[in-house]
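Engineer: Here is what each chain is made of, one letter per residue.
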Amino acid sequence: MSRLPIKCPSCEQHLNVSQLSCLKCDTVISGSYLLPKLMQLPQEDQDFILQFVLHSGSLKKMALQMEISYPTMRNKLDDIIEKLQPNLSKL
Amino acid sequence: MKTILFNPFKKYQENTLLGIGIPATIIGSLLAYAFYVRFDGAFDLHFATDINLWQPFIDNSVNIAIVFLALFFLAKYHNKKTRAVDILNAVLIARIPYYLVPLLNINNTISKATDQMMAIVGDTININVAAIPVSSLIIISLFALISLVALVWYIILLFNGYKIASNAKGGLTILFFCLALILAEIITKVIIVNFPY
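For the protein sequence lines, the chains are A and B, in the order given. Sequential numbering from 1 applies to the first sequence in this note's numbering. Sequential numbering from 92 applies to the second sequence in this note's numbering.
Same shape as in the complex, but just chain A:
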């Protein structure tokens, strides 16, 4: 399955969903819907969040399994939090 584009290739703005269709009965819904916040993240970040949930939120377990140090893992999570809440201060 092809990857869902999240940004406009022309102007780099976030894309909206304008059409949804049912694969079974071919019903088509048109409109303008915002992508959920998590889906607006790059694929790499979405994969990280998926792994985080699958590891019950344990960065230590994730770090051990992915053979990456714990602070590297925690930094990745902090960066994603910052992307989701741009105004959130680290302090």
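Check the hints yourself; a few may be wrong.
To be verified - In silico DSS-like links for lysine-lysine, alpha-carbon gap of 27 angstroms or less:
| id | chain 1 | residue 1 | chain 2 | residue 2 |
| --- | --- | --- | --- | --- |
| 1 | B | K102 | A | K76 |
| 2 | B | K102 | A | K60 |
| 3 | A | K83 | B | K101 |
| 4 | A | K37 | B | K172 |
If you're looking for bench data, these hints aren't it; they were derived computationally from the structure. As the structure is a computational prediction, the values presented were derived from the model and not from experiment.
Following the hints, position chain B against chain A.
Structural biologist: Quick look at chain B alone, frame taken from chain A:
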């Protein structure tokens, strides 16, 4: 390989790094004792004519403690989630290249070459450049080059470790990091020089 040499903090867990850093500090101190080297400053290294076993150990302990404190406070200011163990590992691992420098003084090679040169250039009025043995010049130049490489490697490791421990980013990070290192160098120098042990 690049990660192991310049940024092991990205890959290895804190226990592994601590397990390498502590023995490396002990071995580095023993090498310094064996080859008459004093680490008399966070980024300093000098050859001594006489040395006691405990001196390199205290030198390294002071250097590690002060660099750790300077970077830990800076990292905590930047990011409250910074863990002490990650900064400590950065300091312990970063010093490993520096611990290799005393090996250059096997059989007092560097000390002898320096003494030979100083005997000639020490007389600042009548310096007879031609009298400096070429071998001494080559040995001292090689030593200077290798020491410089070790120092640069030390600082690269320290910076990478600090960056991963604190998740610090941006241009100011480098500036504050450099200021912390200069402060650490001044404090360690003052302690080691003024409290003879």
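Engineer: Give a verdict on every hint.
Structural biologist: Verification of the hints:
no.	hint	result
1	B:K102 / A:K76	holds, 13 angstroms
2	B:K102 / A:K60	holds, 13 angstroms
3	A:K83 / B:K101	holds, 21 angstroms
4	A:K37 / B:K172	holds, 25 angstroms
In this structure, none of the earlier numbered hints is contradicted; all agree with it.
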